[in-house]
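Participant: Next come the chains, spelled out residue by residue.
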Amino acid sequence: MQSDSMHVATRKGLFVYQRSSGGWSITGRHFLADNVTLSLVDRRDGHLYAALDHGHFGVKVHRSADGGASWQEVAAPTYPEKPADDPDGFDWSLQLIWALEAGGPDEEGVLWCGTIPGGLFRSADRGDSWKMIRSLWDEPQRRDWFGGGADQPGIHSISIDPRDPAHLMIGVSCGGVWVTTDGGATWRVRSAGMWADYMPPERREDPAIQDPHRLARCRSAPDHLWVQHHNGIFRSTDGAATWTEVTTAAPSSFGFAVVVHPERPETAWFVPAASDEQRIPVGGKVVVSRTTDGGETFEVLDRGLPGVDAYDLTFRHALDIDSTGERLAFGTTTGNLFVSEDGGDSWQAISHHLPPVYAVRFA
Amino acid sequence: MPRVTFTRNLQRHVECPPVEVSGATVAEALAAVFAANPRLRGYVLDDRGALRQHMAVFVDGRAIEDRIGLGDPVADGGDIHVLQALSGG
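Residue numbers (the numbering used here), protein chains in the order written: chain L, -1 to 361; chain S, 239 to 327.
The hints are simulated quantities; they were obtained by calculation from the structure and are not laboratory data. A virtual CB, placed ideally from N, CA and C, is assigned to each residue, including glycine. Please note that the accuracy of each hint is not assured.
To be verified - Pair ranges (Cβ atoms, derived):
#1 L:E297 - S:Q249: 26 to 32 angstroms
#2 L:A239 - S:D304: 29 to 35 angstroms
#3 L:D89 - S:Q249: 33 to 39 angstroms
#4 S:A273 - L:G107: 28 to 34 angstroms
#5 S:A288 - L:R277: 29 to 35 angstroms
#6 S:P255 - L:D86: 51 to 57 angstroms
Build the full structure now, drawing on both the sequences and the hints.
Facilitator: Have a look at this one:
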């Protein structure tokens, strides 16, 4: 069943869109004027979650048990006390929730949360309390992580293996890809094949400083993964044991977001910007790039997208695909929201005046 | 007893009317406020228990010095104001 509903988290509120026979329209407006950075629809029990960043007042998590009619503030992850002699050059304090995902299908109530400055947290009670995954925090190579997109490093992608909820894969900017197969008790870095053009030659292939901007896993072929990295696109077909660079993307291989078709691991979509130094659409033309052959070739999709003096940027959580692979949506820094119902062949703008969009999720 | 007043900008998130509490330091006074209003704590202090980066606390019109431990003293009839720094967009 195609998705008829999506949640759009923006700098000034959480907007719920519904598709009816007349098209897509806003049917819910939550936390108006507040900075909503991520949302989650938990398909196991229907609960909704919103992560808010109040800036001065800090990061908060809210939960709804009634489809958004009412919300209740729940706990935000809390960092442990930093020992006086700890070498970290930053405070152990929550700065941002950068990933929020539901646990396995039989783990109702389990949520995972990735944060800046790099802590991973797990809740077993729908966010009423959180436990830091110390095994990852205490990994010696965690000290090599550094900020990418923020002053401190952060976990922006959490992917639970659909075959086994004890298998998790996370993406860290800048810290590489990390994997656990025992529910978080132990971790291994799995970035082999990635390289970093922002490092000196001796450190370029260091797995623990790589900058995957976003990690996507194919639901039906879970060993097939795609990464939009800071300096290109990488693909794995062996569960992150090895990564191969994909160099054929057009018009650019720079960007933040990536999604993969739930049934076809060779099909992935990206929203390119010109380059690291020029984070605007190439030539002022908003396009989506798509490969259907594992990265051998790419198509540039632009039907229905603005093509003249358009400077939209799409953040890493602001592109989503529904469970059929037919519907995609992305929201941008300039407040536009675009939807495709044909796998990206054509797009329609359904909003032009949203606040800057941080995250889009089909419900 | 010192009197603690919170910026109006906090009121839209958490109910926090002005309140009189006992305490000889800012830390003690705020602890008393948060004991009765636990949800408010996380809006003023970060998870280290320090004053949030863009918050300011004044005692009788003077900004506090100890933003980490909040050990600044407050007199019996003193006024504690918890305010925010403005930033936009």
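Participant: Hint by hint, say whether it matches the structure.
Facilitator: Hints, one by one, checked against the model:
1. Take E297 (chain L) and Q249 (chain S): their Cβ atoms lie about 52 angstroms apart, and the range 26 to 32 angstroms is violated.
2. Distance hint check for A239 (chain L) and D304 (chain S): the Cβ-Cβ separation is about 51 angstroms, which falls outside the suggested range of 29 to 35 angstroms.
3. Remark: the range hint 33 to 39 angstroms for D89 (chain L) to Q249 (chain S) is contradicted by a beta-carbon distance near 28 angstroms.
4. Taking the beta carbon of each, A273 (chain S) and G107 (chain L) are about 29 angstroms apart, inside 28 to 34 angstroms as hinted.
5. The beta-carbon spacing between A288 (chain S) and R277 (chain L), approximately 34 angstroms, falls within the hinted interval of 29 to 35 angstroms.
6. As the Cβ distance of P255 (chain S) to D86 (chain L) is approximately 39 angstroms, the hint placing it in 51 to 57 angstroms is violated.
Consistency note: the structure conflicts with the earlier hints numbered 1, 2, 3, 6.
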